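Enquirer: Okay, here's what each chain looks like letter by letter:
2 protein chains.
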Amino acid sequence: MDEDSFQQIQDLGFAKLIKKFEALAVTHNDAVLQGIGDDASVARQREGYVTCSTSEIFLEGVHFDLTYTPFHHLGYKIVTAAVSDIYAMNAEPEQVLISVAIPNKYSVQMMEQLYKGIGAACADYDVQLGGGDTTASHQMLAISAAATGSVKEKDAVYRSGAKKDDIICVTGDLGGALAGLRVLLREKKAWQESERKQHFQPDLQEYETVIQKQLIPKARKDLVKAIHESKIKPTSMIDVTQGLVSELSRLALQSNLGIEIYSPAIPIALQTRAVADEMNEDVDKYAFYGGEDFEMLFTLPEALIEKFKAEFDDFVVVGKMTDKDKELTINTGEEQDYRIDIF
Amino acid sequence: MDEDSFQQIQDLGFAKLIKKFEALAVTHNDAVLQGIGDDASVARQREGYVTCSTSEIFLEGVHFDLTYTPFHHLGYKIVTAAVSDIYAMNAEPEQVLISVAIPNKYSVQMMEQLYKGIGAACADYDVQLGGGDTTASHQMLAISAAATGSVKEKDAVYRSGAKKDDIICVTGDLGGALAGLRVLLREKKAWQESERKQHFQPDLQEYETVIQKQLIPKARKDLVKAIHESKIKPTSMIDVTQGLVSELSRLALQSNLGIEIYSPAIPIALQTRAVADEMNEDVDKYAFYGGEDFEMLFTLPEALIEKFKAEFDDFVVVGKMTDKDKELTINTGEEQDYRIDIF
Numbered sequence: 001m002d003e004d005s006f007q008q009i010q011d012l013g014f015a016k017l018i019k020k021f022e023a024l025a026v027t028h029n030d031a032v033l034q035g036i037g038d039d040a041s042v043a044r045q046r047e048g049y050v051t052c053s054t055s056e057i058f059l060e061g062v063h064f065d066l067t068y069t070p071f072h073h074l075g076y077k078i079v080t081a082a083v084s085d086i087y088a089m090n091a092e093p094e095q096v097l098i099s100v101a102i103p104n105k106y107s108v109q110m111m112e113q114l115y116k117g118i119g120a121a122c123a124d125y126d127v128q129l130g131g132g133d134t135t136a137s138h139q140m141l142a143i144s145a146a147a148t149g150s151v152k153e154k155d156a157v158y159r160s161g162a163k164k165d166d167i168i169c170v171t172g173d174l175g176g177a178l179a180g181l182r183v184l185l186r187e188k189k190a191w192q193e194s195e196r197k198q199h200f201q202p203d204l205q206e207y208e209t210v211i212q213k214q215l216i217p218k219a220r221k222d223l224v225k226a227i228h229e230s231k232i233k234p235t236s237m238i239d240v241t242q243g244l245v246s247e248l249s250r251l252a253l254q255s256n257l258g259i260e261i262y263s264p265a266i267p268i269a270l271q272t273r274a275v276a277d278e279m280n281e282d283v284d285k286y287a288f289y290g291g292e293d294f295e296m297l298f299t300l301p302e303a304l305i306e307k308f309k310a311e312f313d314d315f316v317v318v319g320k321m322t323d324k325d326k327e328l329t330i331n332t333g334e335e336q337d338y339r340i341d342i343f
Numbered sequence: 001m002d003e004d005s006f007q008q009i010q011d012l013g014f015a016k017l018i019k020k021f022e023a024l025a026v027t028h029n030d031a032v033l034q035g036i037g038d039d040a041s042v043a044r045q046r047e048g049y050v051t052c053s054t055s056e057i058f059l060e061g062v063h064f065d066l067t068y069t070p071f072h073h074l075g076y077k078i079v080t081a082a083v084s085d086i087y088a089m090n091a092e093p094e095q096v097l098i099s100v101a102i103p104n105k106y107s108v109q110m111m112e113q114l115y116k117g118i119g120a121a122c123a124d125y126d127v128q129l130g131g132g133d134t135t136a137s138h139q140m141l142a143i144s145a146a147a148t149g150s151v152k153e154k155d156a157v158y159r160s161g162a163k164k165d166d167i168i169c170v171t172g173d174l175g176g177a178l179a180g181l182r183v184l185l186r187e188k189k190a191w192q193e194s195e196r197k198q199h200f201q202p203d204l205q206e207y208e209t210v211i212q213k214q215l216i217p218k219a220r221k222d223l224v225k226a227i228h229e230s231k232i233k234p235t236s237m238i239d240v241t242q243g244l245v246s247e248l249s250r251l252a253l254q255s256n257l258g259i260e261i262y263s264p265a266i267p268i269a270l271q272t273r274a275v276a277d278e279m280n281e282d283v284d285k286y287a288f289y290g291g292e293d294f295e296m297l298f299t300l301p302e303a304l305i306e307k308f309k310a311e312f313d314d315f316v317v318v319g320k321m322t323d324k325d326k327e328l329t330i331n332t333g334e335e336q337d338y339r340i341d342i343f
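Residue numbers (the numbering used here), protein chains in the order written: chain A, 1 to 343; chain B, 1 to 343.
Hints listed in this document are in silico derivations from the structure and should not be mistaken for laboratory results. All values derive from a computational prediction rather than experimental measurement. Do not rely on the hints blindly, as some may be mistaken.
Copies of the same chain look alike in the list, so a pair counts if it works inside one copy or between any two.
Said to hold, decoys possible - Here are the computed lysine-lysine pairs in the BS3-like style, where the Cα-Cα straight-line distance is at most 25 Å: (1) K19 with K324; (2) K233 with K152; (3) K285 with K16; (4) K326 with K16; (5) K309 with K225; (6) K105 with K307; (7) K324 with K16; (8) K152 with K221.
Turn these sequences into a full structure, and let the hints guide you.
Expert: Right under this line is the structure:
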């Protein structure tokens with residue numbers, strides 16, 4: 001059967017569908033003693049280690065739009081979202097449980113694409129698909145991903161650990177996922193308004209980087225690897241999923257400190273700037289408030305920055321932890337600084 | 001604000017809503033070092049132990065019908081469904097992550113009722129609410145629960161461990177949750193057809209036991225406690241969520257054996273029989289195919305049955321493990337036995 005076929009899920013049955021899913025995500029993680037196939041998955045514990053657990057829920061029409069999201073990318077992205085939270089504790093993800101509620105407008109082939117994406121992400125992050133729940137839905141596709149991972153208790157990094165004068169660092173660049181979303185929504189609108197929909201060609205090529213950032217973001221496994229190898233442990237860490245300002249606020253609140261940010265230092269890719277310019281929007285807003293970048297925000301004592309840079313260089317310094325009364329101060333490098341009320 | 005008020009969630013905001021949820025589920029489990037409030041929850045590992053993980057997804061209109069399901073009961077039930085899978089591994093549940101996607105037709109007060117039910121279940125099962133994801137939905141309420149728990153590696157009980165001639169036992173009684181559902185659906189239909197809907201009084205009192213079994217089922221924590229205290233470990237175990245025949249088939253398949261069941265021994269409550277009679281339906285079908293009872297099916301060597309009965313008496317013997325070629329044989333006690341093809 002080729003991939004364009006449309007086989008109804010009820011014609012195959014859930015038991016056989018689940019067998020297909022199993023075959024599409026075959027990565028084994030050594031900590032997992034029992035994956036799919038029992039009441040629960042089973043992972044080995046070790047003295048001195050902790051288990052980190054997180055869960056995400058993605059709803060069609062809220063978190064993804066299937067008019068421009070391939071199922072494969074959707075599967076990849078939800079695994080990224082779940083394991084990113086495990087990396088943000090400085091832990092190694094071990095397994096992911098996927099629960100999916102499928103309306104009958106989607107075919108067996110579409111769900112296979114979804115699980116191919118899940119399988120590709122499992123391979124990239126070395127995590128095992130440990131089971132989950134597969135069920136029907138009336139209208140909307142709903143997907144939940146729960147990830148677990150391990151780290152030595154003494155190596156776990158919390159949001160609450162930042163100290164005054166610690167330097168705030170951010171990996172990669174910010175605002176790209178929102179820029180990608182803006183382009184996709186513009187092209188969707190153009191398609192909807194097009195009189196010859198079948199011949200409509202979206203204009204996406206020059207925006208490839210930001211569209212990839214929106215559709216198939218990568219979790220920062222490389223940062224956690226560098227932390228483990230360098231033995232330079234951040235004092236606090238959080239992944240950037242709701243936008244920089246939101247994550248900075250949480251870090252400040254939970255570390256009971258203030259934050260000062262130098263906004264010219266915020267890393268923004270050229271393509272992100274180009275999109276903001278085209279949309280006549282302020283690119284700083286993309287970086288400050290755009291979600292889903294899955295970059296990592298972390299803090300280090302100033303004395304360790306250069307040493308860590310020698311081990312891992314895909315980050316920049318964007319500010320520092322201050323007294324609590326400074327709240328979240330954005331230093332623009334021009335006359336007017338501004339402060340955001342976070343408490 | 002009283003409970004009949006309708007406060008829009010967007011008027012409160014998700015951050016404050018999550019704070020309310022936190023305050024409604026306060027049970028602490030000692031294994032949990034970090035609950036709500038970081039990228040992931042953190043639980044202590046111990047040498048020689050394993051972590052069991054499971055996840056469930058419940059969709060409005062598929063898994064629950066809010067015309068007859070109070071939010072409080074719904075919250076209780078999804079936690080029950082998740083921890084039941086942990087108990088089925090002979091493990092102690094430690095925490096549950098709840099991800100919820102909320103359409104704006106539901107109020108802050110309704111969601112508080114949901115989390116009161118989640119909190120009540122967390123208290124009953126000694127599990128900590130470890131976080132999750134709270135988000136918007138367009139039309140339907142979707143809830144996912146992921147539970148984790150621990151057990152000594154040597155004490156974990158798998159579906160695959162049953163041996164030939166082991167005795168098959170089942171706790172409580174079966175078919176009750178389906179009987180409750182049948183009554184609720186009948187009363188819903190009567191209400192829909194009623195000309196004076198506001199004055200309609202559903203006839204539920206005499207069905208209280210089966211309706212409770214449908215709306216607020218209990219996971220069999222007591223069985224797992226008895227197993228730990230008696231040190232009599234089942235050779236295999238599975239919780240009855242999809243119906244007895246489905247669970248027996250999985251046990252047979254995964255233990256690579258056949259099963260013989262004595263159908264007159266299947267435990268069925270009087271109220272379940274009464275409902276089947278009223279509906280002119282075969283009560284054995286309720287017991288064989290009805291889901292959501294959350295009873296436990298387990299196997300023991302024959303020599304241990306009496307000894308275990310002295311420690312825990314809410315179970316009956318329903319059959320035994322046989323050679324694989326017997327598949328699933330239902331011995332009715334009358335002339336005609338029948339066999340169900342499971343391979």
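Enquirer: When no copy is named, should K324 and K16 be tagged within, between, both, or neither for a Cα gap of at most 25 Å?
Expert: Classified as between: cross-chain Cα gap 22 Å, same-chain 56 Å, threshold 25 Å.
Enquirer: Given identical chains, is K309 near K225, meaning Cα to Cα at most 25 Å, within a copy, between copies, both, or neither?
Expert: Answer is within; shortest intra-copy Cα gap is 14 Å, inter-copy 52 Å.
Enquirer: At most 25 Å between C-alpha atoms: does K326 with K16 qualify within a copy, between copies, both, or neither?
Expert: Result: close only across copies, 23 Å inter versus 58 Å intra.
Enquirer: Could you place K19 and K324 in one of the four classes (within, between, both, neither) given a Cα distance threshold of 25 Å?
Expert: between (54 Å within a copy, 22 Å between copies)
Enquirer: Since the copies are identical, ignore which copy is meant and state whether K233 and K152 lie within 25 Å (CA to CA) inside a copy, between copies, both or neither.
Expert: For K233 and K152, the Cα distance is within 25 Å only inside one copy (12 Å; across copies 31 Å).
Enquirer: With identical chains treated as interchangeable, where does the CA-CA distance between K285 and K16 reach 25 Å or less: within a copy, between copies, both, or neither?
Expert: between (47 Å within a copy, 24 Å between copies)
Enquirer: State whether the alpha carbon distance between K105 and K307 is at most 25 Å within one copy, between copies, both, or neither.
Expert: So K105 and K307 fail the 25 Å test inside a copy (54 Å) and across (53 Å) alike.
Enquirer: For the identical chains here, do K152 and K221 meet the 25 Å Cα criterion within one copy, between copies, both, or neither?
Expert: Cα proximity of K152 and K221: one copy only (17 Å, versus 30 Å across).
Of the hints listed earlier, the one the structure fails to meet is number 6.
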